[in-house]
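There are 2 protein chains.
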Amino acid sequence: MTRVEIPEDSLFGLANLSYGVFSAPGASPRAGVRVADSVVDLTVVDPVFATSSLNPFMAQGHARWVEVRERILDLVAGEIPDAAVHPVDSVTMHMPFEVADYVDFYASEHHASNLGRLFRPDSEPLMPNWKHLPVGYHGRAGTVVPSGTGIVRPTGQRKGEDVPTFGESRRLDIEAEVGFVVGTPSPLGSAVGVDDFDERVFGVVLVNDWSARDIQAWEYVPLGPFLGKSFATSISPWVVPLLALEAARVATPPQDPEPLPYLREKNPWGLDLSMEIAWNGQVVSRPPYREMYWSPAQMLAHMTVNGASSRTGDLFASGTVSGPDKDQRGAFIELTWGGKEPVAVNGEPRTFLEDGDEVTISATAPGPSGTRIGFGEVTGRILPAR
Amino acid sequence: MTRVEIPEDSLFGLANLSYGVFSAPGASPRAGVRVADSVVDLTVVDPVFATSSLNPFMAQGHARWVEVRERILDLVAGEIPDAAVHPVDSVTMHMPFEVADYVDFYASEHHASNLGRLFRPDSEPLMPNWKHLPVGYHGRAGTVVPSGTGIVRPTGQRKGEDVPTFGESRRLDIEAEVGFVVGTPSPLGSAVGVDDFDERVFGVVLVNDWSARDIQAWEYVPLGPFLGKSFATSISPWVVPLLALEAARVATPPQDPEPLPYLREKNPWGLDLSMEIAWNGQVVSRPPYREMYWSPAQMLAHMTVNGASSRTGDLFASGTVSGPDKDQRGAFIELTWGGKEPVAVNGEPRTFLEDGDEVTISATAPGPSGTRIGFGEVTGRILPAR
Chain A
1 MTRVEIPEDS
11 LFGLANLSYG
21 VFSAPGASPR
31 AGVRVADSVV
41 DLTVVDPVFA
51 TSSLNPFMAQ
61 GHARWVEVRE
71 RILDLVAGEI
81 PDAAVHPVDS
91 VTMHMPFEVA
101 DYVDFYASEH
111 HASNLGRLFR
121 PDSEPLMPNW
131 KHLPVGYHGR
141 AGTVVPSGTG
151 IVRPTGQRKG
161 EDVPTFGESR
171 RLDIEAEVGF
181 VVGTPSPLGS
191 AVGVDDFDER
201 VFGVVLVNDW
211 SARDIQAWEY
221 VPLGPFLGKS
231 FATSISPWVV
241 PLLALEAARV
251 ATPPQDPEPL
261 PYLREKNPWG
271 LDLSMEIAWN
281 GQVVSRPPYR
291 EMYWSPAQML
301 AHMTVNGASS
311 RTGDLFASGT
321 VSGPDKDQRG
331 AFIELTWGGK
341 EPVAVNGEPR
351 TFLEDGDEVT
361 ISATAPGPSG
371 TRIGFGEVTG
381 RILPAR
Chain B
1 MTRVEIPEDS
11 LFGLANLSYG
21 VFSAPGASPR
31 AGVRVADSVV
41 DLTVVDPVFA
51 TSSLNPFMAQ
61 GHARWVEVRE
71 RILDLVAGEI
81 PDAAVHPVDS
91 VTMHMPFEVA
101 DYVDFYASEH
111 HASNLGRLFR
121 PDSEPLMPNW
131 KHLPVGYHGR
141 AGTVVPSGTG
151 IVRPTGQRKG
161 EDVPTFGESR
171 RLDIEAEVGF
181 VVGTPSPLGS
191 AVGVDDFDER
201 VFGVVLVNDW
211 SARDIQAWEY
221 VPLGPFLGKS
231 FATSISPWVV
241 PLLALEAARV
251 ATPPQDPEPL
261 PYLREKNPWG
271 LDLSMEIAWN
281 GQVVSRPPYR
291 EMYWSPAQML
301 AHMTVNGASS
311 RTGDLFASGT
321 VSGPDKDQRG
331 AFIELTWGGK
341 EPVAVNGEPR
351 TFLEDGDEVT
361 ISATAPGPSG
371 TRIGFGEVTG
381 RILPAR
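Residue numbers (full-length UniProt numbering), protein chains in the order written: chain A, 1 to 386; chain B, 1 to 386.
Please keep in mind that the hints were generated in silico from the structure rather than gathered at the bench. Incorrect hints may have been included.
Since the list gives no way to pick one copy over another, a pair counts as held whenever it fits inside one copy or between any two copies.
Unchecked claim - List time: in silico DSBU-like cross-link candidates among lysine-lysine, alpha-carbon distance up to 35 Å:
no. : residue 1 : residue 2
1   : K131      : K159
2   : K266      : K131
3   : K266      : K159
4   : K266      : K340
5   : K131      : K340
6   : K266      : K326
7   : K340      : K326
When you get a sec, could you build the whole thing from the sequences and use the hints?
What follows is the structure, encoded as structure tokens:
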């Protein structure tokens, strides 16, 4: 039997207990919990974890999430069978869940305003609908990939003068986002109430919504982004349970006009996540999630108000997290103002992504009693176009 | 043993052999083939059909589709075990496949021009990108439902004067479309060539992309349609194999400007489907699929040109099929010109859908030797808002 030592300042202490899917050398993928620098095999807790996806467990619902979290806490605070403990560096992390539908919102007022100015310089930056509803759209679930997956530079039709040009994207960008994973499904023809968020949503991941701006700019009117986004969306391997984020809850910024009743939260689900974006190892931005105008509870309520069902494994992301300051912007098109104001990365002036570049997004949030909860990171390196 | 009698004018003769998933009373769902007015249980042909989804068979690839089609032809042309034959009226039809990603295109020039005039009366009806690429977007895979599912009228934020109004949609509409189902997956980072369409796509279904125009009009700028579409998309229960549609192939209309090389087909995949839309039993429109500007092979090539993977069960739909004439329009917003020109349905002037209305879309296509191939129908009735 083994005891996992947890340093006092660990981001993966007993208040966190994030879930992932891992494989040890020679073993099949299964679910595990992150404790300090170890992964603990959860098949010793419950047979539902003996699969390559968290979906079966997430589908069991909120009461089970609470109960199993207690059992995991008991396990990892005590003696654990040796064979169930692996150094995190010795295992391979996989997609933690099967993505059902993927929706991407646009919930940062700073990001939406910046993008409006860049994409539509002759119009009001925010559309008339923006403060009435969380604007969102469906993305490609099949190209959500785990952190570490190489990102092949996409090819396609790019915005030109009168006619498009064709070739590899020259304006390849990131979007630093936070994603929410549905556990308990909701049936067709019913809406999820804005205060039922924590009954439905199992946990949180970090998202990099890679974006080819030249492809997007040409294609997106009138039906929205498509190939400029669909080549890859990366997520972090550890799903932080919503149950670990009580101390991170904050009010959203003031919402004016007052939202319609179905979007009014009794206890807001703003979240005080501190995010960092590292470009080839250098931190270039620190987006504050607490600045997001719409909360994830409002996103889920809106997404289902028309009676759309939701499924276990649905992933909905916040949209780019950008704060009011320049060094808080979550996309390089904003950070470099359309490529016109390069930023220094390891001494070089940089705008969009070059082949070989690596981007890593990480985050932490307040935990109980002054501790911090880690989200790990989502990382990816740009590979040359094929 | 039984022999299935096939009337000479049957739309489900030996040249068709469409696949579906059915359950006989008291039996579990499994795959079957439609022959005249019977369903033949395909578990007598191959164990891959002993599941509630065509995905495992579709994933086996083109050579297997050809081989199994020959074996099915041998079976149904001869004597069949009694227990494997069911009258089609005695069985329940289910979703024929599990939808991976759902993409909706916008490939009819007539429809796109009409909608442009209706939604953006002050601009050019066609966007500058429209003749350069098949415009499309991702829809909600989780709300694709089988024909016959009741459609609950959606509720949401509707376009108002300055601020939105909230309530049930008053401009509920249909979109008559044709959907294409991917069988053989393609990996991340590679593109499907425009001439590889028939290696990849297994078959064809009819699609009704129900649309709430008042919700859509308020939400869709700048990220595209979302809740105005995501409450339900209905598909027909029979997947017509692409192998049955050789005689239906036609050239697409002339494409000017010439498409970029990745969109140039050697042998075009235009399709001569004749569609019918019945509103409460009365045929109100006959959209001609052969008028579609972009072919489904061009759609798949475009959808993957950026390196996006495709999966078994991906469904991509054509967008509304509308011809040049008024009685060939595939959506009621076009047919009634935004509700200003009602059509007579059983003697009543009608614009958008009322509770209790039923819409049925059906289609046929040329088969070999003067026969016709049936697609069956996709039908749905409007239920009151909850």
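How the hints compare with the structure:
For the homomeric pair K131 and K159, the shortest alpha-carbon distances inside one copy (29 Å) and between copies (14 Å) are both at most 35 Å. Proximity of K266 to K131 under the C-alpha cut-off of 35 Å is restricted to the intra-copy arrangement: shortest distance 19 Å within a copy versus 49 Å between copies. In this assembly of identical chains, K266 and K159 lie within 35 Å of each other by CA distance solely across copies; the values are 27 Å between and 45 Å within a copy. Within a single copy, K266 and K340 get their C-alpha atoms no closer than 43 Å, and across copies no closer than 43 Å, so neither meets the 35 Å cut-off.
Both within a single protomer and between protomers do K131 and K340 lie at most 35 Å apart by alpha-carbon distance, with minima of 29 Å and 31 Å respectively. In the homo-oligomer, the alpha carbons of K266 and K326 lie at most 35 Å apart inside one protomer (32 Å), although the nearest pairing across protomers, at 50 Å, exceeds that limit. Within a single copy, K340 and K326 get their C-alpha atoms as close as 14 Å, which meets the 35 Å cut-off; across copies the closest is 49 Å, which misses it.
The structure does not agree with numbered hint 4 stated previously, though it agrees with all others.
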